[in-house]
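These protein sequence lines map, in sequence, to chains X and H. Under this note's numbering, the residue at position 70 of the first sequence is numbered 71, and the numbers go up by one with no gaps. Under this note's numbering, the residue at position 1 of the second sequence is numbered 2, and the numbers go up by one with no gaps.
Quick caveat, the hints were computed from the structure, so don't treat them as lab data. No incorrect hints appear here.
With a straight-line cut-off of 16 angstroms between C-alpha atoms, the simulated EDC-like cross-links for lysine to aspartate or glutamate are: (1) H/Lys142 - X/Asp134; (2) H/Lys65 - H/Asp134; (3) X/Lys31 - H/Glu167; (4) X/Lys99 - X/Glu38; (5) H/Lys137 - X/Glu138; (6) H/Lys31 - X/Glu168; (7) X/Lys142 - H/Asp134; (8) H/Lys261 - H/Asp224; (9) X/Lys142 - H/Asp136; (10) H/Lys137 - X/Asp136; (11) X/Lys142 - H/Glu138; (12) H/Lys31 - X/Glu167; (13) X/Lys104 - X/Glu38; (14) X/Lys137 - H/Asp136; (15) X/Lys17 - X/Glu38; (16) X/Lys137 - H/Asp134.
Protein chains: 2
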Amino acid sequence: MDFKLWLNNKVEIVEKALKDNFVRNENRQKLIYDAMEYSLFAGGKRLRSVIMLGVNEIFSNDYKSVLPFACAMEMIHTYSLIHDDLPSMDNDDYRRGKLSNHKKFGEAAAILAGDGLLNMAFEVMSRESLKFDTDKELLLKAISIIAESSGSEGMIGGQIVDMFCEESINDISDLEYLQKHKTGAIIKSSAAVGALLGGASETELKTIEKFADNLGLAFQIQDDILDVEGSAEKLGKPVGSDESNNKKTYVSMLGLEEAKKLQKKLTNEAIEALGIFDEKSEMLIELCKYLLVREK
Amino acid sequence: MDFKLWLNNKVEIVEKALKDNFVRNENRQKLIYDAMEYSLFAGGKRLRSVIMLGVNEIFSNDYKSVLPFACAMEMIHTYSLIHDDLPSMDNDDYRRGKLSNHKKFGEAAAILAGDGLLNMAFEVMSRESLKFDTDKELLLKAISIIAESSGSEGMIGGQIVDMFCEESINDISDLEYLQKHKTGAIIKSSAAVGALLGGASETELKTIEKFADNLGLAFQIQDDILDVEGSAEKLGKPVGSDESNNKKTYVSMLGLEEAKKLQKKLTNEAIEALGIFDEKSEMLIELCKYLLVREK
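Excised from the complex, chain X in its bound form (with noise of 0.2 angstroms):
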């Protein structure tokens, strides 16, 4: 198959199921769900979603009590940005080239909206999970994953150390730690997510976590790098931030060249953990090459 045609078909799954879940209404409150649906549909990659999908159909050719899964994985992600760009936090006035959803609705009404994300993902796996005959329980521990990687041992851990602990940041183990939870957490979780659903053994699971973790990391270095190679244009925001803002990335610590040796390096960890699938694990496979590359 088509790497293109593959990406192309789950995240147009994604968004039709983005559409159906995020339930709104014409109500008083309608202020919250225009801040809410202004960010999450603002042209994300949606690349949790995607990796969730994608690892489940290594397992499991029923897709669809995962959509609610990964539909939350958006909306948690989603949140985070809000939360992240506000002036209190990084303040940014641009997120994917429109601006950030505080400079559109005001801080109350983004602080507002990112709660009501955040809110929002649990209320559509909980509501959903109730419609499917899956085991009860294994939907249960799913939304206690993905719970546990967004919260303060995961994502917002991540955040907190990230705004206040820079100066903890000493070597590459520091700042590993740092994007394991601040960006790998809910990547991992999206992951273990897919595989669990998909009804993977215990083993799988620890594959298609250490598989999540490379990719992570691979990931979140070709960040740092388009932040110093990318284009304003095709990121949809400033490049030169990182610098400008004296962070500490893979970048700045391991220099241009080696931290592209790292990311080559993560990938091909992430893509050898997938060898036990065989062919099944091919289009994960290509995304792991297609990020390495992204430009956006």
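Given chain X's structure and the hints, the job is docking chain H onto it.
Relative to the frame of chain X, chain H by itself:
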């Protein structure tokens, strides 16, 4: 049984469960736990979880599986207060006689602490639910009820109406719409989950929801009354803020005497709804009376 003893016992059970379920680490992200803990253990009334436990014991003698949900309600309530107090929202410097979270930890940490508590509510519910023998479908349903009540059709929706649609509040039914979302929704879901997990029938659940609807509004009216008649010392926050902020309240729209009459009427309706449960609802009835005369 003596009501005050009963109430203290319930609050103690909740405090202990919160300490057990607030799993913190002394790792790099220590700050997020400090900020979350600061507000979660700031001496709240634990009203929502007391209502949940009080309703539950009408139907069941085993409250253990309800505790994670009681903790979740306190986490959700606390996060909403942290975010409400932010400069871009109500800009309040004090809460429960202490500095508000952003005054103590700064705005970025306060936003993340709120996010962390909302997220932790779902972590606790999903993780702990996996440990109980209770029907997993019922537990998923309970998570779903809570998620809906705290989201854009519940508490967050109420907050956005309060912040941005003040001009649409023209009569008591408008104000009721606002309060049923902003404060009523999670009081109602607390009662509903207590009933559901206790094994209540559909009819019993509806009765409990009617009770909680009336109690929630009566509770809000008492809040409005205390902002006029209360003591700043007892409340732990300044009084008169509604008037100085030109807020539409039951007192400003009805006058003090009529507001008090309505509050009594709603309290009586809450108590009457409990009638079908006979002596089993004795303590909940005492709780209604207690909330009618509370000073903080």
